[in-house]
Structure formats: structure tokens, C-alpha cells
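Kindly produce the complete structure, drawing on both the sequences and the hints.
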Amino acid sequence: MIIPGRLIALVTFPGVIVHEIAHQLFCRLCGVAVLDVCYFRFESPAGYVEHEPPRRISQHVLIGIGPFIVNSLLGAFIALPSAVAVLQFEAGTVLDYILVWLGVSIAMHAFPSVADAKSIWQAIWSEGTPTLTRLMVTPVVGLIYLGALGSFLWLDLAYGVVLAVGFPYLLVSLLT
Amino acid sequence: MEERTVCEMCDNPPEDEGYELPLCANCRDELSRCPFPLWVKLISGLVLLLVLIAFVNFPSSLRAAAAFERGNKAKSKGNYPTAILEYERALARFPDSTVTMAPLAAACGWDGDLRKFAYYLEKLDGREIRADLADEIEEILLEFEDLSEMEGDEQ
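Protein chains in written order, with the numbering used here: chain A, 1 to 176; chain B, 1 to 155.
Keep in mind that the hints were calculated from the coordinates and are not lab data.
Incorrect hints may appear among the rest.
Computed list of lysine to any residue pairs in SDA-like fashion (alpha-carbon distance at most 25 angstroms, straight line) [said to hold, decoys possible]:
hint : chain 1 : residue 1 : chain 2 : residue 2
1    : B       : Lys41     : A       : Val37
2    : B       : Lys41     : A       : Ala91
3    : B       : Lys73     : A       : Tyr169
4    : B       : Lys123    : A       : Ala91
5    : B       : Lys41     : A       : Glu43
6    : B       : Lys41     : A       : Ile69
7    : B       : Lys41     : A       : Phe77
8    : B       : Lys41     : A       : Leu25
9    : B       : Lys41     : A       : Phe13
10   : B       : Lys73     : A       : Tyr48
11   : B       : Lys73     : A       : Leu170
12   : B       : Lys73     : A       : Leu174
13   : B       : Lys41     : A       : Thr138
14   : B       : Lys73     : A       : Glu43
15   : B       : Lys41     : A       : Arg41
16   : B       : Lys41     : B       : Glu20
17   : B       : Lys41     : A       : Leu174
18   : B       : Lys123    : A       : Phe13
19   : A       : Lys118    : B       : Glu20
20   : B       : Lys41     : A       : Arg28
21   : B       : Lys123    : A       : Glu90
22   : B       : Lys41     : A       : Val34
23   : B       : Lys123    : A       : Tyr97
24   : B       : Lys73     : A       : Leu171
25   : B       : Lys77     : A       : Tyr97
26   : B       : Lys41     : A       : Leu29
27   : A       : Lys118    : B       : Pro22
28   : B       : Lys116    : A       : Glu90
29   : B       : Lys41     : A       : Phe40
30   : B       : Lys41     : A       : Gly31
31   : B       : Lys41     : A       : Leu170
Residues on chain A that point at chain B, a partial pick, calculated with CB under 8 angstroms [said to hold, decoys possible]:
hint : residue
32   : Gly31
33   : Val32
34   : Ala33
35   : Pro53
36   : Gln59
37   : Ser82
38   : Leu95
39   : Tyr97
Where a beta carbon is used, it is the ideal one built from N, C-alpha and C, also for glycine.
So this is what it looks like as C-alpha cells:
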């Protein structure tokens, strides 16, 4: 089923906002100047962080994959207390359903965008980048592209659900 | 192209080479610390509060989920008294959970506890349950019918 990206972004808008916050947060951690931020809009892309080109490749990669770290952890954390009630017992309260929606929305926007991948790609193939760095970072860019392609097959949603459900199930299996 | 010798934001000399954008250390630091808007902070605080509230019930939910899993294991081994005990623990936390009530009803049926079996069947009336559990309950009901027919014949 093909649903317009804008509609998905609208339904899962908290994930878009957290995605951009994560980019901004990693810019701050890397000391990279942020020139403009849009947390959410009903256009494509739904959000963006415009920053100066980082000095080091590692900063470029960190800023690019920042949302993967932040959205994954935050999404799993937010859904954790409510996932059991909603997904296992189908007996959640309104608050539980809100938190699962929030958690899944945030986790499903963990994948860096194609624009993020392009930005890292340009950086690693710029003049003066050591070959070892190129060899190490190229698979990361490949994975980001795969993730972006996978969103056509709902891989991002599957990732969000697995993260939201996965932790509670892991805990339950440890308890039994 | 002429290289800029002053910061884009002020007239101070830009930071060392390596940066494409000529900014002095202070301006770069200020821009990198671009503040999060107030609404972002407020919503983050609200979400954190909601998560903390939800975490209050989390340990009991987790214990219920573990009890449910133990109930499933016991039921699959035919240990119905243990299964009933574990399912009832899960049901104490989620009293209206059809997911728990259906296997509990089946376990009560297989255990021969007619009173509880009838009680949970009544509660399940009109609810949608998993096909395999519906078949199982149907099978138990047929066995009870056969038994009562046999008892009737004997009398």
C-alpha cells in the first residue's frame, strides 16, 4: 500500500521533530554552527537542520546518524511502560495508547534520511579524506540508503514496532 | 576567490583553517548552541511526565506478562492448575483482558472446574477471541456434552 510520505510524516510528526532535535543536539556536541532549523512542516522534507560543513568526517557521521541513536533510544523508552498493556494484553488505557503511538512514531523516524546519507557521502569523497575513513564510512552510508529504500516497504514502521515491543518482550523472557 | 578574513557574524578574525564557513570561535559556539524553542522544552517536559506516570504501573504489567507466559507454558504441558493460577495473576492486573481470559477459560475447562469455566465463558460472550482458542473451547464444550449424555444414559 502506498501512502504519501507527507501523510505519514503528519501522523508520526513527533518522530520528525525528535529527528531534527537529534541533528541539532549532535551539532551542539560537535561544536558545529547551526544556521537554520525547521522541526516540522507539511512539505518535503518535513523537517531539516541546516548547518555549516563540519571540520571532521567523524562529526559529519555523528550528526548524520544522531537521529538513529536518539530516536531509537527515546522511542523504546517512551513505549516501554505501555507496550505490555497495549500489545500483549490489549487492555491499555488512553495514556498507554498515546505513549505507544509516540514511541513507535519516534522510533520509526530513527533512520537517517537520504539527504543525510548524501551529505556524509559528499564529505567522505571530498579531497583529503583518508582511504581508511572512506572504507569505514562507506558501509554506513550504504546502510542508510538501504534504510531509506526500506521505508517503501514499511521497514521504518517495522523497526519502530520492533523497538517498542522488543524491549518489554526481552524483559518478560528474562523474568520467565 | 578572495578568502574572507573576518567572521561572517562580526568583525573578529575567523577561527583556524579547516572550516568552510568563516566564523570566529565565539560566534561558532553561539550558533552551535542554537537554543531549543520553548514549545519543544514544554512538550518534552509533558511527555517525560506522562512516561513517568506510565512507569508507575510498569512493574506490575511486567509481572503480569511474565505470569501470562508461565501460564501458557503450564497449559501447553497440561499443568492446568498452575496455568489457572498464573493466568489469574495476569488477570488481576488486566481484569478485562480477553487475551488472558480466553486461555484461562480453556484451562479451567480442561481442569474440570465447571463453575469457573462457565464464569469466564459468560464474560467472553460477544468478544472476539483467537481462532485456535475458540476451537479449543468448542472442543471442551463438546466433551462436557458427551459426559452429561453419558451420565444421563447411566441414570
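Hint check results:
| no. | hint | verdict |
| --- | --- | --- |
| 1 | B:Lys41 - A:Val37 | 15 angstroms, holds |
| 2 | B:Lys41 - A:Ala91 | 31 angstroms, violated |
| 3 | B:Lys73 - A:Tyr169 | 15 angstroms, holds |
| 4 | B:Lys123 - A:Ala91 | 15 angstroms, holds |
| 5 | B:Lys41 - A:Glu43 | 24 angstroms, holds |
| 6 | B:Lys41 - A:Ile69 | 20 angstroms, holds |
| 7 | B:Lys41 - A:Phe77 | 18 angstroms, holds |
| 8 | B:Lys41 - A:Leu25 | 13 angstroms, holds |
| 9 | B:Lys41 - A:Phe13 | 16 angstroms, holds |
| 10 | B:Lys73 - A:Tyr48 | 49 angstroms, violated |
| 11 | B:Lys73 - A:Leu170 | 17 angstroms, holds |
| 12 | B:Lys73 - A:Leu174 | 15 angstroms, holds |
| 13 | B:Lys41 - A:Thr138 | 36 angstroms, violated |
| 14 | B:Lys73 - A:Glu43 | 50 angstroms, violated |
| 15 | B:Lys41 - A:Arg41 | 18 angstroms, holds |
| 16 | B:Lys41 - B:Glu20 | 32 angstroms, violated |
| 17 | B:Lys41 - A:Leu174 | 35 angstroms, violated |
| 18 | B:Lys123 - A:Phe13 | 39 angstroms, violated |
| 19 | A:Lys118 - B:Glu20 | 18 angstroms, holds |
| 20 | B:Lys41 - A:Arg28 | 16 angstroms, holds |
| 21 | B:Lys123 - A:Glu90 | 16 angstroms, holds |
| 22 | B:Lys41 - A:Val34 | 18 angstroms, holds |
| 23 | B:Lys123 - A:Tyr97 | 24 angstroms, holds |
| 24 | B:Lys73 - A:Leu171 | 17 angstroms, holds |
| 25 | B:Lys77 - A:Tyr97 | 34 angstroms, violated |
| 26 | B:Lys41 - A:Leu29 | 18 angstroms, holds |
| 27 | A:Lys118 - B:Pro22 | 23 angstroms, holds |
| 28 | B:Lys116 - A:Glu90 | 22 angstroms, holds |
| 29 | B:Lys41 - A:Phe40 | 15 angstroms, holds |
| 30 | B:Lys41 - A:Gly31 | 21 angstroms, holds |
| 31 | B:Lys41 - A:Leu170 | 31 angstroms, violated |
| 32 | Gly31 | 5 angstroms, holds |
| 33 | Val32 | 6 angstroms, holds |
| 34 | Ala33 | 4 angstroms, holds |
| 35 | Pro53 | 5 angstroms, holds |
| 36 | Gln59 | 11 angstroms, violated |
| 37 | Ser82 | 5 angstroms, holds |
| 38 | Leu95 | 6 angstroms, holds |
| 39 | Tyr97 | 11 angstroms, violated |
Hint violations for this structure: numbers 2, 10, 13, 14, 16, 17, 18, 25, 31, 36 and 39, all remaining hints satisfied.
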